[in-house]
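A.B. asks: Sequence:
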Amino acid sequence: MSGNDSNFFSKVYEVVKQIPYGRVTSYGAIAKHIGAAGSARMVGWAMNASHNLPDIPAHRVVNRKGLLTGKHHFDGTNLMQQLLESEGIIVIENQIQDFEKVFWDPEKELN
DNA sequence: ATTCTGACGTGGG
DNA sequence: CCCCACGCCAGAA
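All residue numbers in the first sequence are consecutive under the UniProt record's numbering, ending with 111.
Hints are computed from structural coordinates only; laboratory data are not their basis.
Keep in mind that a hint or two might mislead.
[What the hints assert, rightly or not] Label-pair ranges, simulated between beta-carbon atoms:
{"id": "1", "residue 1": "Lys108", "residue 2": "Asp75", "range": "26 to 36 Å"}
{"id": "2", "residue 1": "Lys65", "residue 2": "Ser39", "range": "28 to 38 Å"}
{"id": "3", "residue 1": "Ser39", "residue 2": "Lys17", "range": "12 to 22 Å"}
{"id": "4", "residue 1": "Asn7", "residue 2": "Gly88", "range": "25 to 35 Å"}
{"id": "5", "residue 1": "Ile92", "residue 2": "Ser10", "range": "28 to 38 Å"}
{"id": "6", "residue 1": "Gln18", "residue 2": "Ala49", "range": "29 to 39 Å"}
{"id": "7", "residue 1": "Gly76", "residue 2": "Ala37", "range": "15 to 25 Å"}
Quick caveat: nothing in here was measured; it's all calculated off a predicted structure.
Built from N, CA and C at the ideal position, the CB exists for glycine as well.
Throw the hints in and build the complete structure from the sequences for me.
C.D. replies: Here it is in structure tokens:
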């Protein structure tokens with residue numbers, strides 16, 4: 001109960017919380033890191049529930065193409081893009097520029 | 001119980 | 001690079 005309820009959701013949140021400022025990652029990368037490779041959709045589902053939590057930078061999670069697929073789920077229309085640009089990430093037409101440079105791999109960067 | 005959808009990813013052409 | 005089909009698991013109707 002204290003912090004760790006369901007393994008899946010908690011694991012997703014822990015990884016997302018550890019995403020550094022100005023960096024982004026993909027659903028599949030998180031899913032694979034928590035051992036749920038192939039169920040990347042569930043990561044997105046967990047993000048939906050993360051809206052209740054304060055320290056979950058869901059705007060730093062995008063799909064493998066670096067596209068802001070979930071921007072439509074934020075409060076505003078461009079909230080997600082604004083948050084990313086606020087961190088120094090360039091976003092054009094919902095597409096993150098230099099995605100490879102800002103991409104943060106939990107398996108590689110995190111231990 | 002059945003059916004469809006969804007903040008995705010991979011493989012084949 | 002693009003497009004199409006399948007797999008994935010959970011929740012809503």
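A.B. asks: Indicate, hint by hint, whether the structure satisfies it.
C.D. replies: Taking the hints in turn, this is what the structure says about them:
1. Lys108 / Asp75: 26 to 36 Å: Given about 32 Å between the Cβ atoms, the range holds.
2. Lys65 / Ser39: 28 to 38 Å: Roughly 18 Å apart at Cβ, these two residues miss the hinted range, so it is violated.
3. Ser39 / Lys17: 12 to 22 Å: Taking Cβ atoms as reference, serine 39 and lysine 17 lie about 20 Å apart, which means the hint holds.
4. Asn7 / Gly88: 25 to 35 Å: holds (33 Å)
5. Ile92 / Ser10: 28 to 38 Å: Roughly 34 Å apart at Cβ, these two residues keep to the hinted range, so it holds.
6. Gln18 / Ala49: 29 to 39 Å: Violated: the Cβ-Cβ distance is about 18 Å, outside 29 to 39 Å.
7. Gly76 / Ala37: 15 to 25 Å: violated (32 Å)
In the structure shown, a violation is registered for the earlier hints numbered 2, 6 and 7, in ascending order.
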